[in-house]
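Position chains B and C relative to chain A; hints supplied.
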Amino acid sequence: MAATTRQRSGWLTANIVTMLLVLIPVLWVVSLSFKNPATIAATGRATFWPTSWTWVNYRGIFSSSEFTRPLLNSIGIGLIATFISVALASLAAYAVARLAFPGKQVLIGMALLIAMFPLISLVTPMFGIERALGLFNTWPGLIIPYIAFGLPLGIYTLSAFFREIPWELEKAAKVDGATPFQAFVRVIAPLAAPGMVTTAILVFLFCWNEFLLAISLTSTTAARTAPAALAFFTGSSQFAVPTGSISAAAVVITIPIIIFVLFFQRRIVAGLTSGAVKG
Amino acid sequence: MRSRGSGKTDSRRRGPRLLAGGLTGVLAGSLLAACGTSSAGTGPVTINFYNFSDPSGAVQTAVNNCSTQSGGKYVITYNKLPAAADQQRLQLVRRLAAADPSMDILGLDVTWEAEFAQAGWILPWTGTYLQQATQGTLKVPLETATWHSKLYAVPYNSNTQLLWYRSDLVKTPPTTWTQMINDAIKLKNEGKPHLIEIQGAQYEGVTVWFNTMVASAGGSILTPNALHASLGAPALTALKIMRQLATSPAADPSLTVQMEDQNRLAMESGAAAFELNYPFVYPSMKADNPAMFKHFRWALYPRVNPNVPAHVTIGGIDMAVSRYSPHPQLAFQAALCLRDRANQLNAAVKGGLPPTLASLYSDPALFPDYPFHADILTALQNASVRPKTPAYQNISIVISHLVSPPASIQPLSTEPAMASQINDALQSKGLVP
Amino acid sequence: MTTSTEVVTSGEPAVTGASGRRRLSEGARAERRLGWLLCAPAVIAMLLVAGYPIFYAVYLSLQRYDLRFPQLAHFVGLSNYGAVLSSSYWWHALIVTLIITVVSVAIEFALGMLLALLMYRTIFGRGTVRTTILIPYGIVTVAAAFGWQYAWTPHIGYLVGSNAPLTKTGSAIAIIILAEIWKTTPFMALLLMAGLSLVPEDLLKAARVDGATAWQRFYRVTLPLMKPAILVALLFRTLDAFRIFDNIYVLTAGGNGTYSVSILGYDNLFTALNLGIGSAISILIFICVAIIAFIFIRIFGAAAPGTTGR
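Protein chains in written order, with our numbering: chain A, 1 to 279; chain B, 1 to 433; chain C, 1 to 310.
Keep in mind the hints are simulated off the structure, nothing from the lab. Nothing false has been slipped in among the hints.
Sample of chain C residues at the chain A side, in silico, Cβ under 10 Å:
1) 41
2) 42
3) 48
4) 135
5) 242
6) 246
7) 281
8) 286
Here a beta-carbon is modelled for each residue, glycine too, at the ideal position from N, C-alpha and C.
Next up, chain A with everything else stripped away, as it sits in the complex:
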C-alpha cells in the first residue's frame, strides 16, 4: 500500500500547515519571553521576533523559589491526582459499561452534576472545610479536589471506551481458563489502553491548567501550583504587567507537557486494530 507521491505531498502539506497555524501563537509567547521588557513597545507596528534577544526574563524567574517550587508542586500534584483519578474512574467506568446495578443512572447524573456545577460558588465552602481539616495550603488539599473534579470526565470517557470492547474477548479468555481478573488484565486493559491514556492526558492537563482552586486553597509556595504562581509575578513596579516573566514561565511550564505528551501519544492508539477478535 505505497502511497502515491500526490498523497504523500498532500499529507506533508497538511502537516506543515496545521503545525504552523497551531504553533504561531506559541512562538509569539516564546518571542515575548526573549524580549526585554523595556523595549516591548514600538513606535509603529511591533515586530514578531525580538530586535535584541535576552535571557533576562528566564534568569529572573529562576532567581527565587517563587516559581521553581510551584512548578514542582504542579508536577507532583498533577501526577498523583491524575493517577488516582484515572484509577478510580476506570473501576467506575467498567462497572457502568459492563454491569447491571441499580443506581447506575444516579452515578452518571452525579458525575455530570459535579462537572456542570460552577466552581466559583464551591470555592468558599471548600475553603472553610479545608481550613477546618487542616488541609489548607497542603498538597492533599489540592489533590483531593482535583481527583473529584477529574472523575466525571474520566468516567464518561472510559465508559465510552469500555462499551466498545467486544464481550466475546472476555468470554474467550475465560473459556481459555483465565480468572476474571486475568481476563481483565490480559485482554480488556490493553484494549482500553487508548482510552486510559487519553483520559490520563486530559485529566493531567486539567490539573495543570486549573487556576481558581489553586489560588484559593493555597497561601504560600508550599502548595501553590504554577498557574496560581503566575498571579504573583510582578514587573519592575506595582503597575507593570510582567509580560516577560509570564511568557518565560509559560515556556518553561510547557516543556514538561511536551515531554509528557510525546511519551504517551503513541499509546493513544496502540493495540486496538482488527485481528483482536480473530487472534
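Here is chains B and C on its own, set in the frame of chain A:
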C-alpha cells in the same frame, strides 16, 4: 495470541506511571511532614505580614530591619499577596471571614479600610499607638485610614499622579484640562506626537480619574455621611471633560483598554506628548529611553477650575492589624516600625513610592531619586480620597462601567443613571455588572 | 445444576431451571455488589469533595448573605433569583455566553475532526504532529491569554496596526472566541481521535471494496461508530465553553460588554461579597448547563454512557 503482545505494552505503560506515582507520593509525604513542624517550641513570636509583592526589595529590607530591631521580641515574616489588588483583597477577605489567626499585619489598599473596619476584621488604633501613627503623618493619607472617627490603619506609602510631558514638544506645561487638550490639538496639526495618555480601561483606574475630576470640580461622589450619591453639577463638568478628551484627536486609540502601564509604554514609544500617571514612570523612562528622558518633565495635575488646584485622588498602602491576630500588641509595634522614617525613605528611594511622613519631603536624602518631591507634596496636601464606605467595591464597579469607554459618556443621562445605581449599590441592592 | 457458573460477572441471562429463580437473583445480586463496589471509591470521592459545597451553595442562594456581615444573614426565599432574572446584566451576559459557546464549539468540532483525522492517518511524523497539536492545550490558559492580549494590542502586538480590536464589543468577542478555539480544539481532537481509533479497519476496508467513496465511508461508517466519543467531546466541551472565564478575564476583564455569566457570578460573589446573589447566579448557570446536557443526551440517546451498546 494477541494478548501477549498487548501485555507487554500494558506493563511498560503501567510501570513508569506506578513509579512516578510512588515517588511523588513519598515526596508529598515528606513535604507534609516538614510543613507541620514549623512553629514548635518557644522563642520570638512570629508576626505574619501580608502585603503585595514588592519588586524593589524595600519591604523585605524593612522586614529584616524591624525583626532585628525588636530585640528578640518578634520576627516578622513577609508573606506575599498576588500582584493584582482585587486578588489581594480576595485572599484577605476570604481568610478574615474565616477568622484565620495566622495573619497579623495586613497591607491594605487605601479603599478597603471602611469595608474591613465595618466588618470588624481590623482593630482600631488607640493610646500611644494612635499617637505614634498620627504624628508627622500627612493629613489625607490618614483620612483614608479613618472610619467613623477612629483610626484603623497606619499609612505606609501614598501615591498620586502628576502631569508628565515632553519639553521638546511643549515649552510650558498646560495648567488646565482645556489648555492641555488644545495644546494636544495644536501639536496634531503640526504633525507631531500629540496623544494625552490616561487610564481609560474599565477598572479601578478610571474610577480614580473620575473621582479626581469630580473633586477638582468642587464636588464629591457621595454625601459627607456616605449615605447617598452626591454628584450634581461638578459631576456633569467632570463627565463633559472626560468625554471631550475621549472624542478629541488627543485620545489614544487604545484608551478604552489602557491602564497605567500601557500609558507608560505609549509615552516611552514616542506616540504621546502628555501623560497623567504615577511617579513610577520616571525611573522607567530613565532606564528605557534615555534619549527621551532628557526632555521628560513633570508638572502638577491639570486643573478643572483655573483658580482652584486639582484635587488628585491618592492611592497607597495602609497597614492594619487583624482582629484575629494572636499578638495584637506586638503587631501594632511591628507595623509602626515597618513604616518608620528610615524604612519609608528607603521605599521612596528604591521603589519610588511617595512617603506619608511629611518631614521626609524636606530630607535631602530623598532628592536625587525624587526630584519631583515638591510637586508630590503639594499634590498630596490638596489630594482627595475615594468614597469611604463599606460598599466601595460596588460603587467602583458601577462608576467604571458608566465612564468607560469615555467616548460613550452622555453627561446629561450618565449622571442621573450613575446616581441611581450608586444609591442601589449603597444598599447592596441588585447585581453588579 | 452446574451449568455456567461464570454467569456471575458477564451479565448474561442465567440458565433457568428448577432453582433458576434463585440463581438468577444470586448472579444478579453478585453483579450488583460488584458494580457498587467498583463505583464506591469514585462516588465517595465525589460526594466528600463536592457534596457539602453544592448543598451549601443552594442554601446560600436562598439567603440574603453579605460575607462582611454574617450575623445579618436571613432567609429570603427565591427573591435572589428574581433579582438576577430581572437584571439586564444577567441577560446580556447570557447572550454573550451563548454566542461564544455556540460559535466556538461548532468551529472546534469541525476543526477537531479534521485534526483528529490528521493525527490518526498522517503518513509522516505522527508523533510530532500529535504533540504539536496538543501544545496549545498544555500552555497554561492565563499565559496563553496574555499572549493573545499582547498580540492584539497596538504597538506591542503583531496582529494589529493602530486600531484596537479589544476595545469594541464585536471584535473583542471574536478575539475571545479565537483564543478559546485555539486553546481547546486539541481537547476535541484528542477525544475524537481516540474515537476514530475505535472504528475497526476491516469495516472500512469492506466498505471500500463495496465501492464507497471516502466521504461516504466517513459519513456512513466512521461517524456513527464514533458517536459515544463525539457525545463526550461535545458535551464536556460545551459545558466548559458555557462557563468560560479565564480568557475573558485576561483579555478584557469583562469590559466593553464582553462579560460572560461566569464573570458576572465572580463579580457578585467575590467583588461585591454578595453570597446570596452570587450563589443564585451560579445555580442559574448550572440550570442552563443542565438543560444543554439534557438536550445533548436526548439527541445522542443510545450513545450515552450507562446505556448498553449491546
